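Peer 1: Based on the provided sequences and hints, a complete structural model is requested.
Chains P and S, in that order, are what the protein sequence lines are.
Under full-length UniProt numbering, think of the first position of the first sequence as 1, with each following residue one higher.
Under full-length UniProt numbering, think of the first position of the second sequence as 1, with each following residue one higher.
Bear in mind the hints are in silico, worked out from the structure with no lab data behind them.
All figures in this text were calculated on a predicted structure; none of them were measured in a lab.
Take these hints with a grain of salt, some might be off.
[As the list claims (entries may be wrong)] Taking lysine-lysine and the DSS-like style, the derived pairs with C-alpha atoms no more than 27 Å apart in a straight line are:
#, chain 1, residue 1, chain 2, residue 2
1, P, K228, P, K136
2, P, K245, S, K665
3, P, K228, S, K534
4, P, K228, S, K665
5, P, K67, P, K426
6, P, K135, P, K329
7, P, K442, P, K139
8, S, K278, P, K71
9, S, K215, S, K705
10, P, K337, P, K279
11, S, K278, P, K245
12, P, K139, P, K194
13, S, K278, P, K73
14, P, K245, S, K534
15, P, K228, S, K278
16, P, K136, P, K392
Given next are the chains, with one letter for each unit.
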Amino acid sequence: MASTPQMTGVLPPTTKPAELEYGGDEVSALVLDPGTGTTRCGFAGEDTPKTCVPTYYGIIPDPEDQKYFGKLKIGENPINSVVDGMEIRNPMSDGVVENWEVATEIWRHCIEYRLSSRVEEHPLLVTEPIWNPLKKREKTTEIVFEDFNAPAYFLVKSAVCESFANSKPSALVVDMGHAYTSVTPIIDGIPLRKGSERTPLAGQHLNNQLRHQFGELGIRMAPWLTLKSKSPYTDLATAPPLRTKDFGFEPHQSFLDLQQDRFIHEFKECVSETWPEAKTFPADINNLPDNFRGIADKAFEFPDGYQRRFGIDRFLAPESLFNPSVSPKALTGDLPKGIAEMIKDSIDHLDADIRANMLNNIVVVGGTSLLYRINERLNHELMTMFPGPRVKIHSPGQIPERKYSAWLGGSILASCGAFHQLWISKQEYDEVGANIIERRAK
Amino acid sequence: MVGPGFRDDHILLIAPGSKSTLAQLGLPESFTPAKLRFPTRMFPGLEEGQYLPNKVHELKEGEEMLLRNGEVMTAGPNGKPLKKRKVDSASKPSTTTQTSTDGAAKSADTTMADATDGREANGEEGGDEDEEMNGTKGEGSTSRLFYEDDDDEEGAVWCMDQGRIVNWEAFFALLLHVHETLNPTFHTPILMISQPCWTCTDKERICQFIFEKLKTPGFGMMDAAAAINSAYNVQHSLVIDVGYEKTDITALIDWNIQEVNRTTIPFGGHSMNQHLQKLLPGLSEDEVEQLKRSNICEILPAGVPIPGEEEADRDTVMRPPEPTTIGMGGVAQPKSLDEEGDEEEDEGVTNIAAIVASGKTQEYLAKKEKEKADKKAGLAAGEKRLPNYKRENNSFLYVEKVQDAVVGNGQDLTEVPEGERMDVDVAPSTTEEPKLVEEAPAATGSDGSLPPPSEENRPEVVKTDADNSKPAPEAEPSKGGPSLMESMFSATQDDDDAKRAQEKALRREEKKRQEAAQSGERRREIEVGTERFKVAEGGILEAIADAAHRVVSSADNYNMRSECWNSLIIAGNGSRVKGFKDALLNTIISKYQVSPSSGTIFTSELPSNIPTPSGTGTNTPQPSSFNSQPNALLLQAAANNAALAAAGQHHLSIPQPNQGPSSIKVAKIPEYFPEWKDHGFEECMFLGAQLGAKIYFVTDQGVSKGFVTRADYNSQGPQAIHNI
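Peer 2: Pasting the structure below:
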């Protein structure tokens with residue numbers, strides 16, 4: 001039943017396991033953590049993944065091609081070069097793999113890129129989101145054994161990895177990633193389906209909001225790659241002509257979007273800030289009350305050389321994570337719940353006797369959690385919702401540990417001696433088939 | 001086991017690259033550029049699975065083979081060459097050796113199986129070969145002749161492609177060849193520079209080979225970027241290593257490689273060749289390569305217009321282009337002559353960025369302008385600066401050129417003899433070499449328009465070549481008789497669309513005839529137009545700049561990003577192209593540097609809970625307002641403190657970075673290595689390797705596990721390489 005080993009003996013994330021803990025295994029396992037934004041891969045036992053490849057891929061459509069329907073461009077460099085007709089796509093949908101052909105290629109690229117040219121020699125640990133359906137789990141199993149010919153394999157919920165990476169056997173894991181922000185309660189290393197929630201209010205949402213916001217402000221969002229150099233802005237009111245490069249063709253819109261995401265990402269890092277308190281964000285930022293306290297402006301320079309100072313409007317997009325109704329770009333369909341609301345929902349779904357434990361062990365990880373002061377906001381929200389000293393947020397202080405938390409947990413798991421009995425071997429797969437995953441790893 | 005006391009002179013350094021592999025035995029008192037340079041390729045041997053360092057032709061009795069010098073070698077009875085070229089022993093210590101059948105066969109044995117077999121013939125020869133023609137002629141057992149041809153690259157197996165090892169057998173054979181050429185003692189540990197793209201499995205394989213075949217007592221690997229960084233001795237850096245077919249970009253923070261974010265892009269010296277080739281379809285590959293290496297090929301600094309062209313698209317943020325074309329007298333025809341190359345010869349180290357930054361651009365341009373005018377004015381100015389022995393030719397040619405110049409200002413290019421060439425991917429390696437390099441510009445510059453080979457400067461060239469004791473040097477098929485002819489023929493044929501095709505073809509035809517009878521290196525001029533300034537316009541600069549930006553922007557340590565930008569290191573032989581580094585720096589600055597007027601430096605750390613007199617949340621853009629504030633630094637300090645305090649209170653907040661980079665600087669070249677000064681720091685990775693070897697093997701003696709000892713290997717196997 002226990003799909004994961006006991007926490008005993010798990011080292012703190014920063015410590016590299018000693019040789020002996022490999023249990024005499026000569027070949028180290030690989031850990032693959034596929035996400036929507038990036039796919040992380042590395043050797044078990046190390047503290048950061050060796051490689052982190054964008055999951056976005058480029059494709060030059062070609063209906064003749066039977067397998068991929070085009071020429072694939074995988075990896076950081078190919079998708080960042082201007083190629084005629086290249087579209088940017090993502091094999092993931094809903095946080096799980098949708099296009100298996102391409103996903104397999106991306107995984108293979110990850111593994112062979114810097115790790116090992118011999119995929120078939122290493123046991124492979126793969127992470128999955130908790131909402132990964134059975135079909136996809138079986139398909140993953142099939143690919144690992146059939147395509148990669150791995151000698152052994154295991155599939156772990158990424159939330160479990162994240163709690164382990166933070167040395168917590170039981171935790172409420174809040175993973176703020178690229179496509180989804182998810183909340184998963186983990187009790188003694190076992191994820192609870194009941195009480196796990198997710199929302200698309202995450203990194204991608206922020207990108208879209210900011211893109212919209214910049215558009216509204218009339219900012220020309222020409223990405224670096226399409227420019228020759230910055231234009232000299234002498235007067236901010238009149239924009240000089242863009243110094244665009246002439247490629248002889250028009251880059252695909254999806255490519256431009258991806259390139260825009262690069263400076264939007266920079267904006268998120270350097271300028272965006274989360275309003276640190278719940279429910280005090282001014283309703284109308286264009287019409288602030290007189291007694292409103294001052295906000296320090298932050299300047300941002302766009303790739304075309306345009307500089308703009310952002311005041312309260314730099315709080316807007318992050319605010320929409322907690323309060324989707326303020327989104328600069330109106331969301332379509334049902335308004336999702338804010339992140340804090342979602343955490344509350346999750347807690348409310350849990351049995352009363354574990355709520356206190358969960359509230360005291362909230363683990364916040366994921367790239368979007370690096371948004372400036374977002375943890376303060378979360379803390380404030382939760383304190384307001386659950387008054388009392390019980391709420392405690394744990395979040396790694398090191399940036400790589402936040403970004404690669406799931407991978408890191410996988411790395412710890414796969415290198416830990418007790419894990420060896422859990423591997424599903426190729427032989428077992430051959431005997432049982434893809435369904436083995438459901439029997440061995442729930 | 002603590003490392004057995006290794007000695008300085010018993011350390012073998014190997015730095016494999018896609019094009020050439022550098023090696024050296026022993027650490028000299030003062031660290032030098034690599035002593036030996038091997039092309040990173042092998043040739044399939046006579047038997048399956050065998051690899052030889054040189055191409056071996058097999059000639060049956062009576063068969064003829066055209067040697068590069070135009071002579072014909074005929075295989076006589078019993079495999080004796082009937083005719084072979086006389087080698088002037090004074091000038092060319094090539095090893096034209098007649099070895100016994102056994103010897104020849106042995107020398108051919110570079111197989112893995114035969115790993116430990118001595119290859120005395122080749123070993124000896126390896127030490128003496130030079131780049132010019134030579135060969136080992138061995139007798140076959142029957143009436144066959146084996147001719148070892150250094151320059152023929154046909155059928156060569158290149159072991160690496162974009163840094164990745166693509167042919168392991170050949171790569172190991174090469175390692176073996178290097179090892180045997182240097183023939184180190186049994187107490188010699190090996191330090192290898194590893195390519196960033198090598199996978200862990202690759203490293204294990206190499207480690208296994210080194211211990212099992214080369215029987216070394218200690219083996220270490222040093223990452224190329226780490227080596228470059230340690231040569232520069234900077235704590236944080238951004239290393240851009242421009243290679244042959246790829247450029248590695250690595251950020252180092254606190255001496256540590258930022259493994260996850262480093263990248264390798266498929267642009268390098270070769271992509272510049274390809275671009276030139278596209279521009280100059282009339283030239284052969286090798287001609288293009290030499291054009292790139294020559295002194296006249298350069299990337300003009302921003303704002304200096306390509307002669308005869310409108311400067312519409314060479315804009316910079318610094319300054320509007322100068323209307324200089326008229327001053328150059330190059331308006332008559334698009335193919336204007338520009339003596340840029342000549343003028344630059346003494347200014348190889350001109351730091352354009354510095355000039356631009358210092359605001360003296362105008363003076364600089366004016367100076368250049370004046371020089372150009374002088375050039376035009378007559379011979380005197382040009383001659384002043386040239387070595388004496390070239391003046392005559394120069395003037396002769398100049399006459400010819402003047403005719404051109406009046407009409408079209410054509411530009412000449414001399415193919416520099418091989419020994420003289422400015423290496424781009426394969427830099428000169430011996431101590432003599434720096435001299436050669438220095439000579440090359442002079443030679444090129446002045447004989448920009450020499451008539452066919454002048455006897456005056458040939459001996460000089462030959463002499464330096466003679467001193468040059470490279471083993472298995474880079475052997476490109478450039479100067480070989482047959483290959484040269486071929487290249488010329490093909491070039492002639494392809495010439496149809498080139499603007500001065502007819503003229504060029506005629507010239508070449510003529511020269512070819514003149515040179516036909518001559519042996520040794522040939523020279524001829526190829527005229528190229530302004531294409532030579534466009535060597536880097538194929539997108540390489542933008543690609544590198546963009547990748548560099550991505551690498552630094554994804555470095556996890558926010559605060560160190562600006563440190564990386566402030567010690568940019570551009571290394572690798574691809575960056576030897578004149579003006580490349582400055583152009584790259586300019587590209588990066590003009591696209592990615594955030595203008596300091598934005599005030600980001602002083603405002604971004606201000607936490608919002610401190611009421612500030614400025615900002616009431618309005619959106620008015622006010623650039624540069626903060627620069628004038630006298631207390632900006634104080635503000636920043638206060639802000640930092642407040643931010644820290646805030647972070648302390650509210651746990652978990654990682655401080656927000658500034659938008660960067662607000663300044664980009666090139667790291668200072670280390671000064672205390674005189675040998676490297678002349679050589680150039682493009683290969684400073686080898687300097688780093690020597691420093692590393694000194695520390696790991698000699699100073700440290702294995703205390704801090706800088707290398708794998710034999711005992712480690714025995715207990716852990718190839719994986720031991722990952723524990724260092």
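Peer 1: Starting from S:K215, check that the Cα of S:K705 is at most 27 Å away, please.
Peer 2: Status holds; Cα separation ~19 Å.
Peer 1: Taking 27 Å as the top limit, are the C-alpha atoms of P:K139 and P:K194 close enough?
Peer 2: With Cα atoms ~24 Å apart, P:K139 and P:K194 stay inside 27 Å; holds.
Peer 1: Decide if the proposed pair is consistent with the structure: S:K278 and P:K73, CA atoms, cutoff 27 Å inclusive.
Peer 2: Holds: S:K278 and P:K73 sit about 25 Å apart, inside 27 Å.
Peer 1: Against the 27 Å threshold, does the CA-CA distance of P:K337 and P:K279 hold or violate the hint?
Peer 2: Measuring from Cα to Cα gives roughly 14 Å; hence the hint holds.
Peer 1: Does the alpha-carbon distance linking P:K245 and S:K534 stay inside the 27 Å limit?
Peer 2: Holds, because 16 Å separates the two Cα atoms, which is no more than 27 Å.
Peer 1: Within a Cα-Cα threshold of 27 Å, do S:K278 and P:K71 meet the stated pairing?
Peer 2: At roughly 25 Å apart (the allowed maximum being 27 Å), P:K71 and S:K278 satisfy the hint.
Peer 1: Within a Cα-Cα threshold of 27 Å, do P:K442 and P:K139 meet the stated pairing?
Peer 2: Between P:K442 and P:K139 the Cα gap is close to 15 Å, so the pair holds against 27 Å.
Peer 1: What's the verdict on P:K228 and S:K665, does the C-alpha distance respect the 27 Å limit or exceed it?
Peer 2: Holds, at roughly 20 Å.
Peer 1: Quickly compare the C-alpha distance for P:K228 and P:K136 to 27 Å and report which way the hint goes.
Peer 2: Given that 27 Å is the threshold and the Cα spacing comes to 44 Å, the pair is violated.
Peer 1: Is the straight-line distance between the alpha-carbon of P:K228 and that of S:K534 27 Å or less?
Peer 2: 16 Å, holds
Peer 1: Sort out whether P:K329 lies within 27 Å of P:K135, counting only the CA atoms.
Peer 2: Between P:K135 and P:K329 the Cα gap is close to 35 Å, so the pair fails against 27 Å, i.e. violated.
Peer 1: Keeping to a limit of 27 Å between CA atoms, is the pair of P:K67 and P:K426 held or broken?
Peer 2: The hint holds at about 26 Å.
This entry does not satisfy hints 1, 6, 16, going by the numbered hints stated previously.
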